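Make a model of the complete structure from these sequences and hints.
Protein chains in written order, with the numbering used here: chain A, 1 to 222; chain B, 1 to 247; chain C, 1 to 60.
Hint data in this document are derived by calculation from the structure and do not stem from the laboratory.
Remember, it's a predicted structure, so these values are computed and weren't measured experimentally.
Quick reminder that beta carbons are idealized off the backbone N, C-alpha and C, glycines included.
Don't take each hint at face value.
DEER-style ranges, computed between Cβ atoms [as the list claims (entries may be wrong)]: (1) C:L34 with A:M161: 23 to 33 Å; (2) B:A158 with A:G160: 15 to 25 Å; (3) C:G26 with A:P43: 45 to 55 Å; (4) A:K157 with B:G55: 49 to 59 Å; (5) B:M76 with A:M161: 23 to 33 Å; (6) A:E88 with B:L21: 44 to 54 Å; (7) A:F204 with B:M76: 12 to 22 Å; (8) B:A158 with C:G26: 32 to 42 Å; (9) C:L33 with B:F46: 24 to 34 Å; (10) C:W15 with A:I112: 51 to 61 Å; (11) C:Q59 with B:A34: 49 to 59 Å; (12) B:P175 with A:R218: 21 to 31 Å.
Once the Cα atoms are required to be at most 30 Å apart in a straight line, the calculated DSSO-like pairs of lysine-lysine come out as [unchecked claim]: (13) B:K217 with B:K89; (14) B:K16 with C:K31; (15) C:K46 with B:K243; (16) B:K89 with A:K157; (17) A:K157 with B:K231; (18) C:K31 with B:K89; (19) B:K231 with C:K36; (20) C:K46 with B:K24; (21) B:K91 with C:K31; (22) B:K24 with C:K36; (23) B:K231 with C:K31; (24) B:K243 with C:K56; (25) C:K41 with B:K91; (26) B:K89 with B:K231; (27) B:K217 with C:K36; (28) B:K217 with B:K16; (29) C:K9 with B:K120; (30) B:K243 with C:K41; (31) B:K24 with C:K31; (32) B:K243 with C:K37; (33) C:K46 with B:K91; (34) B:K243 with C:K36; (35) B:K91 with B:K231; (36) C:K36 with B:K16; (37) C:K37 with B:K16; (38) C:K31 with B:K217; (39) A:K157 with B:K91; (40) C:K37 with B:K217.
One letter stands for each residue in the lines below.
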Amino acid sequence: MYNAFFNLLKRDLRLAFRHKSEILNPLFFFVIVVTLFPLGISPEKQVLAEIGPGIIWVAALLASMLSLDSLFRSDFEDGTLELMLLSEYPLPILILAKIVAHWLITGFPIIIFSPLLGTVMFLSNEAIETLMITLLLGTPILSLIGAIGMALVVALKRGGMLLSLLVLPLYIPVLIFSSNAVGSSMAGLSISGQLYFLAAFLIFCLTLAPIATSAALRVSLE
Amino acid sequence: MMKAIMKFIYQFASPKHFYRLSGKIIPWFAWLAAILLIAGSIDGLFIAPVDYQQGDSYRIIFIHVPAAWMSMFIYMVMAISGAIALIWKIKLADVIASSSAPIGAAFTFLALVTGSIWGKPMWGAWWVWDARLTSELILLFLYLGYMALESAIEDPRAAARACAILAIVGVINIPIIHYSVEWWNTLHQGATVTKLDKPSIHISMLIPLLLMALGFKLYYGAVVLMRARNKVLVTEQNNRWVKEIIG
Amino acid sequence: MMEMFQMGKYGAYVWSSYGLALIVMGYVAFKPLLDKKAIFKELSMKYRRESQSNNKQEQA
Chain A
1 MYNAFFNLLK
11 RDLRLAFRHK
21 SEILNPLFFF
31 VIVVTLFPLG
41 ISPEKQVLAE
51 IGPGIIWVAA
61 LLASMLSLDS
71 LFRSDFEDGT
81 LELMLLSEYP
91 LPILILAKIV
101 AHWLITGFPI
111 IIFSPLLGTV
121 MFLSNEAIET
131 LMITLLLGTP
141 ILSLIGAIGM
151 ALVVALKRGG
161 MLLSLLVLPL
171 YIPVLIFSSN
181 AVGSSMAGLS
191 ISGQLYFLAA
201 FLIFCLTLAP
211 IATSAALRVS
221 LE
Chain B
1 MMKAIMKFIY
11 QFASPKHFYR
21 LSGKIIPWFA
31 WLAAILLIAG
41 SIDGLFIAPV
51 DYQQGDSYRI
61 IFIHVPAAWM
71 SMFIYMVMAI
81 SGAIALIWKI
91 KLADVIASSS
101 APIGAAFTFL
111 ALVTGSIWGK
121 PMWGAWWVWD
131 ARLTSELILL
141 FLYLGYMALE
151 SAIEDPRAAA
161 RACAILAIVG
171 VINIPIIHYS
181 VEWWNTLHQG
191 ATVTKLDKPS
201 IHISMLIPLL
211 LMALGFKLYY
221 GAVVLMRARN
231 KVLVTEQNNR
241 WVKEIIG
Chain C
1 MMEMFQMGKY
11 GAYVWSSYGL
21 ALIVMGYVAF
31 KPLLDKKAIF
41 KELSMKYRRE
51 SQSNNKQEQA
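Below, the structure written as structure tokens:
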């Protein structure tokens with residue numbers, strides 16, 4: 001079972017490294033969206049430091065959502081997904097491998113680049129540190145919840161818009177607690193409560209989301 | 001005992017029995033709902049005493065609060081009947097779930113708009129990011145997502161199952177969303193005090209509230225059964241009993 | 001009597017809320033009645049067509 005998990009993980013990562021755009025595009029999107037805000041609102045330090053945490057998090061949320069398409073789409077089209085459903089291994093484990101791979105491809109680069117954007121938005125060093133921690137805890141949640149939505153719409157031709165309707169409301173708790181944690185650490189307040197919430201929510205999603213995703217995939221592929 | 005119960009459920013859940021029985025139930029629900037809603041409105045509008053803080057504007061809660069309760073209740077019904085449909089393969093449960101969605105969305109919309117109308121004299125603005133209004137707005141998004149997914153999938157059976165999964169995921173998330181919105185609201189509240197929260201409710205105000213709440217429940221029961229009956233007729237149109245009814 | 005309907009200075013707010021509730025709930029309640037009529041009409045036409053084509057087949 002562990003072998004199946006790691007083999008699938010390796011395969012997905014190898015495929016992603018072959019199409020580099022899959023890794024780079026969400027990252028570019030993330031950077032561009034954040035860049036738009038100083039241009040649209042004001043380049044003043046005070047304003048940007050105030051809205052920075054929220055903006056970076058909203059951008060991360062959208063980047064993660066838009067990259068969901070690569071999670072199941074190609075496997076759906078070439079029939080790999082159908083084989084996974086028929087395989088002897090428990091489906092939630094296989095799906096978890098795919099989600100982990102997807103997070104490593106799309107979520108992890110965002111975390112690496114976030115200090116840069118934090119600096120651009122005039123966040124303090126502590127706030128940037130918190131930003132990275134919240135992204136580390138939060139982006140896996142986005143991938144896990146997003147996988148459920150993606151599994152529901154994978155068989156539809158134009159699922160993109162629908163996916164955002166299904167998934168964005170469920171992202172709200174992550175957005176609230178993460179951006180608030182970054183803002184609070186800017187103000188020098190304690191952030192352990194927010195981080196505990198994110199950690200608990202992550203574990204919760206880690207156990208239940210793969211099951212819901214496999215149920216949704218079975219419906220979609222019928 | 002268990003067997004007898006299951007047998008009864010399956011028998012009731014057969015489209016033909018459901019159609020006959022619900023036809024008998026609907027008039028009762030509808031008339032009781034009408035009586036309760038009229039009595040509750042009269043009581044709420046004219047008989048209940050004026051609130052010393054909010055004046056007569058508080059009379060909107062007799063619509064707003066029951067509508068907000070219904071919006072949550074109906075989403076729960078959708079998730080539970082979705083689960084029943086997935087586990088026991090009772091088709092009728094799917095019909096109930098999908099018939100409920102537009103009614104729930106209507107109640108959510110009503111709760112939002114009446115909340116905002118109430119907010120205008122209380123806060124001086126049509127919209128305030130109050131915890132309850134914000135949660136209600138997110139709930140409306142969940143309803144809209146559910147209905148969008150249902151209409152996007154062509155095969156009705158697959159649509160019903162996908163929607164059931166979505167409703168279950170949504171219902172698990174609602175308390176988490178609610179909690180985080182409340183928490184966020186207490187942080188950002190500043191000077192605005194939530195006046196939508198119970199103004200230490202007096203018994204003479206509680207009676208119309210309960211009348212309206214019960215009336216809304218029965219109204220939902222009647223409407224959801226009517227909608228479900230229509231769906232059953234269409235899906236069972238090639239069966240003998242439908243032909244006999246329509247003649 | 002008029003005072004009772006004016007609701008202090010909040011008449012417009014209160015009555016628009018109740019009026020909106022009446023419109024929304026009325027629409028939601030009457031829509032299925034209209035749908036039912038349409039379904040009955042459509043199905044009875046369909047059955048008539050079917051029985052006619054059956055008769056023709058028997059005659060042939």
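Pairwise hint evaluation, K217 of chain B against K37 of chain C, where the allowed Cα distance is 30 Å at most: Between K37 of chain C and K217 of chain B the Cα gap is close to 25 Å, so the pair holds against 30 Å.
Pairwise hint evaluation, K41 of chain C against K243 of chain B, where the allowed Cα distance is 30 Å at most: Within the cut-off at roughly 12 Å; holds.
Pair hint outcome, K9 of chain C versus K120 of chain B [Cα-Cα no greater than 30 Å]: holds (12 Å)
Given pair status - K16 of chain B, K36 of chain C, alpha carbons within 30 Å: holds (16 Å)
Satisfaction of hint between K31 of chain C and K24 of chain B, Cα-Cα up to 30 Å: holds (20 Å)
Restraint status (C-alpha distance of K231 of chain B to K31 of chain C at most 30 Å): holds (13 Å)
Hint consistency between K24 of chain B and K36 of chain C [alpha-carbon to alpha-carbon, up to 30 Å]: holds (16 Å)
Hinted pair K16 of chain B and K31 of chain C, Cα distance within 30 Å: Holds, at roughly 23 Å.
Pairwise hint evaluation, K56 of chain C against K243 of chain B, where the allowed Cα distance is 30 Å at most: Roughly 20 Å between the alpha carbons, so the hint for K243 of chain B and K56 of chain C holds.
Given hint K16 of chain B paired with K217 of chain B - CA-CA distance at most 30 Å: Measuring from Cα to Cα gives roughly 25 Å; hence the hint holds.
23 to 33 Å as the expected CB spacing between M161 of chain A and M76 of chain B, which holds or is violated: holds (27 Å)
Satisfaction of hint between K157 of chain A and K89 of chain B, Cα-Cα up to 30 Å: holds (28 Å)
Of the numbered hints stated above, none is contradicted by the structure.
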